[in-house]
Amino acid sequence: MIEFNRFVLSNGLRVLVHEDHTTPMAVVNVLYDVGARDEQPDKTGFAHLFEHLMFGGSGNIPDYDEPLQRAGGENNAYTTNDLTNYYCQLPVENMETAFWLESDRMLGLAFSKKSLEVQRKVVCEEFKEHYLNKPYGDIWHKMRELCYQVHPYRWMTIGKELSHVEKANIEDVKAFFYKHYRPINAILVVAGAVKVEQVKLLAEKWFGDIPSGEQYVRDLPAEPAQTGARHLDIYADVPANALIMAWHMDARLEPGYYAAELLTEILGDGGSSRLYQALVKERKILSALEVHHFGSSDKGLLAIESRLVNGVDHATAQAALEEELEKITREPVSATELQKVKNKTESMIVFEDMSLMNRASSLAHYELLGDAHLMNTELEKYRSITADDLLRESQKIFRKENSNTLYYHIRPTQHAE
Amino acid sequence: MLNRKKAPAIKDAVNMSLHLPPYVSFTLSNGVPVYTVQAGSQEVLQVELLFFAGLWYEQQELLSATTNFLLKNGTKTKTAFQLNEQVEYYGAYLSRGCFNDVSNITLHCLNKHLPHLLPVVSEILTESIFPEDELVIYKNNQLQRLDINLKKCEFVGNRLIDEYVYGRNHPYGRYSTAEAFENIQREQLLDFYQSHYVNGNCIILVSGKLPTDLEQQLNQSLGHLPLRGNRPDITPIATSPLVEKKHRVSNDEQGIQGAIRIARPFPTRHHPDFLGMQVLNNVLGGYFSSRLMNNIREDKGYTYGIHSYIQSHLHHASLHISTEAGREVCESAIAEIYKEMSLLCNEPVSAEELGLVRNYMMGGLLGDLDGPFQIMSRWKTYLLNNLPPDYFQQSLQTIRSITPAQLQQLAQQYLQPDSFYELVVV
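Chains as they are written, first to last, in the working numbering: chain A, 1 to 417; chain B, 418 to 843.
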């Protein structure tokens, strides 16, 4: 049970306080309700680039990192398709430093041209390092475009192409800031050896006078239900064939989400999972396997990524994979198998909640989804899933017409005559 | 009116009192030492069995890593699937890892399940059979993985720089090859398993919210095993660093980034310069506001990240600078790296910058000690390196008291550009 208090400032900033007096640290976590899904199709990668710019100085403070580190703190941030989250951890005695820094950058950035210029380059190098200069690095660029035709989940947070990031200008930056980075669109979580009253005073003092801003109303095109199997072939300079499949699944708050999460575990998590045992160990068709889902706020994807044993062709691997999926849509999972994934889920939640930083960001994330209390009811939801629920959900997900398949091929070498 | 230009007062982290919670130790019936750290509020445990069975101890390449990997892939009575299922049923994680000096088996679980899980650990330490079929699958899949990794400039860079610093045949400079995978045979795994696991030298580290009957549980499952509680005798193995210092390797004609690796041999944790050098390392490239980050990322935009660190093995160590930079700016980035080194040799660090680094390091330590596993991780380093019990206080003392003149002296000794190996892999 994660205890917390919640209050809202008059400018609309939601504040959550989680007291834990066993630690000498405080975590200050600021989440902004904006992610890559809120970008325009011709200006992708912007939410993430913007995250970098948030460290380039604010109205009254030339440098964010230096004063925080001087106070004994550490920080970082991440951008997803749904949200942008900033967090810092520092000795609780110096917590006010984090309020000062976070509130000043919420009040207004410095909008430095130099920072924009440098961070465009930095992000381009990040793009190259993680997605371009790496075998199979483009898989999810291609897969997202295959799976989503309308919804902005069709591009990755890093952006659709380098040129979008390269073209970002200071006017874009300003407009984005005043549209999304306002108190009304933000959630502040403070966790650690703190008192609610103390946080109230500090929040009021540092964030209270920031203009509320306009509530951002998200109006994204819903992805229409997929009506036919989709297939894509890619040829690249890689040493092994890969097979990637993805199916649309429920959004984070929809009822099917919990069953889909357990299905993911049953199929591919750990050495006793079904696909690993059948296809890597027994039939020796796959050499590497990963089953995961996106847990996204809007309708997401359940994905199986695999590499093929040398000499195995894609069609054989796909048939073998579908054979296993067919089993899970035909027969209910056993009581033992179901209990196994529930036990795993319980462990996962307990281990995750060990870290103060995780507790803070989870609270922020659940508050964004609509209610931070959801954090404490998750386990019950998983526990109440039945074998029938899994059967129904698997039949809904693993339909041929809901599937997206990528054959990633070794490019045949061209011999010069 | 709030003055936002003025920073709130801070307490210098340097003045915060910090202590490393002590461990409690006991010995199992068979003499295996157990070190425990009791902390945290969640009912969880980490049980790590350390073996002196890393690369240092193998007579044949890849023997230690392969044995470690296949430990839980079959026993006399259970298949790999059954072993995994037994662990996963209880929502636990049984992982294993093989490193340059030691290897381990680590169990993470909820306290309530420990009695069901220790017997599995005991079983893989007495009855593993290394099935031929499992070995074949492992070899094939690893060979494919190696092929893929060899396409990555950072992977190739990491291998080569260690080779330059320690020598291709040294346990710290060695790396996997297709040939070495092919050469591994089941009989050799069984031998290594007998000598280094079944009858191996073992240390157990347990951290978390400890159950009251922990000692009893451990004794029951592991106390009767033929494990040895003493340390093995170490035969020194001299490093053989390469003579040629500068290297450019072309790995991918189409590559758009280069992996830059710059490194030199450096003394181990027992050397009096080690602690001071950790402070200097932070100034150079150990944190976000380091000289290298400020210059090469935040001013030039050549890279997404650049770091320096001390790679500290038990018997030898080295100092590294590592980054991936755009292909066309690699040489400029290297010039800037040397410029930053020279600057540290030629000018003392300002009191302001040193204060920043001190506070950052102290705050980091405070955060690092927040949690049972983190506390144990620090003790593990101290125990494995045979460091004195007051080593933590010594580190704090160094952070608090080292002077700009001492840092400059260290820079002059260890940051001379021409003492470094230099490598770019594109």
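Treat the hints with caution; some may be incorrect.
[Said to hold, decoys possible] Partial list, derived from the structure: chain A residues whose beta carbon lies under 8 Å from chain B:
#1 Pro-67
#2 Ala-71
#3 Leu-90
#4 Asn-94
#5 Leu-132
#6 Lys-299
#7 Phe-351
[Unchecked claim] Lysine-lysine pairs mimicking DSS-like chemistry, simulated, CA-CA at most 27 Å apart:
#8 A:Lys-284 with B:Lys-569
#9 A:Lys-113 with B:Lys-495
#10 A:Lys-284 with B:Lys-556
#11 A:Lys-381 with B:Lys-422
#12 A:Lys-142 with B:Lys-529
#13 A:Lys-134 with B:Lys-756
#14 A:Lys-284 with B:Lys-495
#15 B:Lys-756 with A:Lys-114
[Said to hold, decoys possible] Computed footprint of chain B on chain A, listed as stretches where at least three residues anywhere in the stretch have a Cβ under 8 Å from a Cβ of chain B:
#16 21–30
#17 280–286
Hints listed in this document are in silico derivations from the structure and should not be mistaken for laboratory results.
Every residue, glycine too, gets a C-beta built ideally from N, C-alpha and C.
For each hint, the structure was consulted:
no. : hint                     : result
1   : Pro-67                   : holds (6 Å)
2   : Ala-71                   : holds (5 Å)
3   : Leu-90                   : holds (6 Å)
4   : Asn-94                   : holds (5 Å)
5   : Leu-132                  : holds (6 Å)
6   : Lys-299                  : violated (29 Å)
7   : Phe-351                  : holds (6 Å)
8   : A:Lys-284 with B:Lys-569 : holds (26 Å)
9   : A:Lys-113 with B:Lys-495 : violated (64 Å)
10  : A:Lys-284 with B:Lys-556 : holds (12 Å)
11  : A:Lys-381 with B:Lys-422 : violated (48 Å)
12  : A:Lys-142 with B:Lys-529 : violated (45 Å)
13  : A:Lys-134 with B:Lys-756 : violated (30 Å)
14  : A:Lys-284 with B:Lys-495 : holds (20 Å)
15  : B:Lys-756 with A:Lys-114 : holds (22 Å)
16  : 21–30                    : holds (count 4)
17  : 280–286                  : holds (count 3)
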